[in-house]
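Asks: Build the full structure now, drawing on both the sequences and the hints.
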Amino acid sequence: MGDPVVKKFMYINRHAPCGTIYAVEGLEVVLIGAAFEQEVCMAFVDDGVYQLKKNQDTAALEIKNYAPAYRALGDYDVHKLYVERESLEQRGLTEQDLMQLTYEDEDDDWKEKPSLKVVTRIELADLIAEQDVLLNF
Amino acid sequence: MALEVNGKTYETDEEGYLANLSDWSKEIAENMAKEDDCELTDNHWEVVNFLREYYEEYQIAPAVRVLTKAIGKKLGKDKGNSKYLYELFPYGPAKQACKYAGLPKPTGCV
Amino acid sequence: MLHTVNKSPFEKNSLQTCLRLAKEGNDILLIEDAVYAATKGTSVSEMVAQAATNFNLYVLGPDLLSRGVGQDELIAGCEVVDYAGFVRLATENDKVQSWL
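Chains Z, U and Y supply the protein sequences, listed in that same order. In terms of this note's numbering, the first sequence is numbered consecutively and its last residue is 146. In terms of this note's numbering, the second sequence is numbered consecutively and its last residue is 113. In terms of this note's numbering, the third sequence is numbered consecutively and its last residue is 401.
It is worth saying that the hints were derived from the structure and are not from the lab. Watch out, some of these pointers could steer you wrong.
Cβ-Cβ distance ranges computed for the label pairs, FRET-style [to be verified]:
#	chain 1	residue 1	chain 2	residue 2	range
1	Z	E98	U	W48	44 to 54 Å
2	Y	D383	Z	R130	50 to 60 Å
3	Y	T318	U	Y89	51 to 61 Å
4	U	K80	Z	D117	17 to 27 Å
5	U	A22	Z	E34	17 to 27 Å
6	Z	T103	Y	A350	13 to 23 Å
Beta carbons are placed, not taken as given, at the ideal position from N, Cα and C, and that holds for glycine.
Replies: In structure tokens form, the structure reads like this:
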């Protein structure tokens, strides 16, 4: 066996959090996939940006609240989360409306750094183009 | 499947993980450990309690790699390593300790 | 008549169709992912604010909470109801039309 193959994976999330199962399924696949030590990033586009909204509380719906699990992504070494600016703007949202997600930078100075990055559609198109594998939820 | 502790029956999945997180008690944890021929020491409880706190905060049971790293951060490097954790939980630190903690099987265990 | 809409206005045209085909003065209740339609500053806010003047516009509170949408983010003219309010709307109206 030679060196393990490392590919660039992007998980593209385009669905709102509670109305359908897409968001939860996607998050679960990302967490499971993290064990394979690939180069992973996530993109939040269209209604997918709502997955990152602050203050989600599903108690009244009597369903499990998955929003806190996004904060664990850093522990799983998933810390490149790209949010399309145009999708935020269409929904009247800014970065301040989103959860603060951080990770500990083990490769550099071990400081907590932000995982979320708001990018334009042009930047996101470039990011999509450079991936090896794209998975959609 | 089900687990019987002190005359009460608790629902579990086919691998023995509690179906309802809210059913958990120390007695249940001790009972599960006894079935695995494992006696829970303070060192075991430290990990079990850590897992319950982690779940409370993030709503997921961490994978073993994540658990090891997080334990190291919280309890020190002498505990945040595979050797220490596997000695405590020979069936796999995340899987076995999560079971005793009443959590579902860890997300990201393959 | 009560109309319910449960789809995001950014993903499906259910709300647009509802607003086009509902009669003036009808009750419209936004539930599930349709509650995002009631937020300010979006690409559909103008349409929804206009609708709030032609119809009685309601939003289901528990669905707002679960999505992290605060009351201060809502368009003026939207009334938040709880589950009991949902039931009341359904029973007070002779018919319910669900735009899926």
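Asks: Looking at the structure, which of the earlier hints fail to hold?
Replies: The structure breaks only hint 2.
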